[in-house]
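Chemist: Sequence:
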Amino acid sequence: MSSGAATPSSKPPGLQKLLSVPGSDPKRVNDLLLLRPDAAALSDPEPKDSGDDRHVVFFHGDIQNFQEEMALQPDAAQWMGWSLEQVAHMLGPRFPGQHIWVVRASTMYLNKFSCYHNFVESNMFGAPEHSFYSRDTGAFHHLRSLLSHAMERADLPNRLPPHGGAAGLPAGFQLTLVGFSKGCVVLNQMVYELAGARADPLMSPFARSISDMFWLDGGHPGGSETWVTDKQVLKELASSGVSIHAHVTPYEVRDPMRAWVGREYGCFVEALQEFGACPSKKLHFEDEPASIENHFRV
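Be aware that the sequence shown starts at 1, since it is given in the UniProt record's numbering, and climbs by one per residue.
If you're looking for bench data, these hints aren't it; they were derived computationally from the structure.
Misleading hints may appear alongside valid ones.
Here are the simulated DSS-like cross-link-like pairs (lysine-lysine), alpha carbons at most 25 angstroms apart as the crow flies [claimed, not checked]:
hint	residue 1	residue 2
1	Lys17	Lys112
2	Lys281	Lys235
3	Lys281	Lys231
4	Lys27	Lys17
5	Lys282	Lys231
6	Lys235	Lys282
7	Lys27	Lys112
Let the hints inform the model, and build the full structure from the sequences given.
Modeler: Below, the structure is given as structure tokens:
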């Protein structure tokens, strides 16, 4: 996520916290942070083109939470440099001119394990059980409604209209999805749903607005499916035109106790290449010992 540690004591400017924003089901809510392009520009003096309709959505990993929550947890306090607020501030200069959305997991089991229940069926530790597209529920439905309600709450000028309405997407609307560690389970679920979402006339415009997907050192406590390996599913991703980025560190892909992670990562990349995609991939810190510090720094 970052080439260097952030300063936990410095409060990032211009962040808006949106609490209990509903998705497609009013009972399924997530908290979000929004960093607007003008706020992100404060840390980048170079003028950039306006990107009012470009949005980056970030899904965090375990331990990461709001700063005030992390400060209360002994195991988390040392990682406050990667709090959700700090991550939003890091992403701003990396995606200039875009709205940065940080989606907080709906639950944090034991204040540590991020669980994205609203996007994908998961156990209490956040290990997912992936499924294919449904016209009523799922990751695409929740994300689309979540962003629509969040944009309304934030009073953005170019809002995503409610799902199923007559209005189309705002002109030039573009979406980049970024998953870090546990947060990659949301991206994986969306890959499983992609074919169905693109075939659904009501969801297709939103699904086709995704320009880029970033997997940053994906990992979860389950014994498999850390990376998508289903070839039929990956064939759809490869043909979708989405730019695919996969960045990993030895912490995940070279852990001898979880050897399947590295194998699945290899299958993910090789299958996409086989189907004609050109994923951007990089093993960071390959000459350094595996460490959680470098895991965060990816």
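Chemist: What hints, given by number in increasing order, does this structure fail?
Modeler: none
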